[in-house]
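Visitor: Respectively, the protein sequence lines represent chains S and G.
Read in order, the letters of the first sequence are residues 1 to 116 in our numbering.
Read in order, the letters of the second sequence are residues 1 to 188 in our numbering.
Heads up, a few of these hints could be off.
Straight-line alpha carbon distances no greater than 30 Å define the calculated DSS-like cross-link-like pairs of lysine-lysine that follow [claimed, not checked]: (1) K6(G) with K69(S); (2) K98(S) with K167(G); (3) K69(S) with K176(G); (4) K74(S) with K167(G); (5) K104(S) with K176(G); (6) K18(S) with K141(G).
The set of hints was computed from the structure by calculation and includes no laboratory data.
Below, each chain spelled out in residue letters.
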Amino acid sequence: MKDFRIEREARGNIQLIKLAGSLDMYSFPRLETQINTLFQQNQHAVLLDCRDLDYIGSAGLGALIGFAKQAREKGGDVKLLNVPERIFKIIELLGFTKVLQVHKDEPAALASFSAN
Amino acid sequence: MGDLPKGISVGHTDTEVHVRVVGRGTFQNGQPLRRYALEMMEHGVVQFIVDLGGCDGMDSTFLGVLAGIGLRLTQSNRAGQIHVANVGQRNLELLQTLGLDRLFGMDQPAGRNLHYDAPAGLAFQRLPDSDVTQLSKPLNKSDTADLMLEAHDNLIRADQRNLAKFKDITSFLREKVDKRAGDGHKEK
Numbered sequence: 001m002k003d004f005r006i007e008r009e010a011r012g013n014i015q016l017i018k019l020a021g022s023l024d025m026y027s028f029p030r031l032e033t034q035i036n037t038l039f040q041q042n043q044h045a046v047l048l049d050c051r052d053l054d055y056i057g058s059a060g061l062g063a064l065i066g067f068a069k070q071a072r073e074k075g076g077d078v079k080l081l082n083v084p085e086r087i088f089k090i091i092e093l094l095g096f097t098k099v100l101q102v103h104k105d106e107p108a109a110l111a112s113f114s115a116n
Numbered sequence: 001m002g003d004l005p006k007g008i009s010v011g012h013t014d015t016e017v018h019v020r021v022v023g024r025g026t027f028q029n030g031q032p033l034r035r036y037a038l039e040m041m042e043h044g045v046v047q048f049i050v051d052l053g054g055c056d057g058m059d060s061t062f063l064g065v066l067a068g069i070g071l072r073l074t075q076s077n078r079a080g081q082i083h084v085a086n087v088g089q090r091n092l093e094l095l096q097t098l099g100l101d102r103l104f105g106m107d108q109p110a111g112r113n114l115h116y117d118a119p120a121g122l123a124f125q126r127l128p129d130s131d132v133t134q135l136s137k138p139l140n141k142s143d144t145a146d147l148m149l150e151a152h153d154n155l156i157r158a159d160q161r162n163l164a165k166f167k168d169i170t171s172f173l174r175e176k177v178d179k180r181a182g183d184g185h186k187e188k
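Please take these sequences and the hints and turn them into a complete structure.
Guide: Structure, rendered in structure tokens:
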């Protein structure tokens, strides 16, 4: 099992968070803290780059729905980028693609925030 | 634990069910364990011992399945209980975070969890489709949503503090399940 890593970069007004390793109940609080901190700073446009993510648990996915909902209320969103096929199948199976936007291309994902 | 098969293996005596989790316990292999546990409870077995010595991690759905077994056993009026044993630090913290250490028989006052060896000679069988790295068929959407909803409801029943953690996922899943019931059909 790979350790969870998290890095944040700003892309204009959008916060790009790169996730790597295993996002499970044990590691999720680190992402939760990061997102809550951004929301407190009035940063509600968040793009999660999942390219190097090898696992995501059901609680983590469920919590992302809540974050996306909170962000939308403030005119932003929480979206996913570069989701590995194996993880995408899980997200799709659970029906989360209906409430979480998933992108394959960073420029398109970034542009989609201005379309909100 | 390196030589044990990945997945969930089970064995039982007349009075106890022994469960061994090797690898991850997730929503993908929670269903076979749930079904097996219900079957054994119908046969009157009310003591479950879950060996987590080889368990790399559990998601909330799997923990909710274990909580559901524990809740049924404690409410069965037959002095049943689920015991978890050989719990590593990471899994111990998960159990404590969700308040499940109080539901499962753990030697908390002494600050350590139960050490356990399966009874000598007990035959274990791996539950079908319990190795999440080698599932033979795609999961069914409806069954998975039902399982996840029930599991997260169990976590909330086990400890009301979990409501805040899981309100988003339960409300999303309940809406989905209710919509399906209203539509009168099951998604494949």
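Visitor: What hints, given by number in increasing order, does this structure fail?
Guide: Checked against the structure, the only hint that fails is number 1, while the rest are satisfied.
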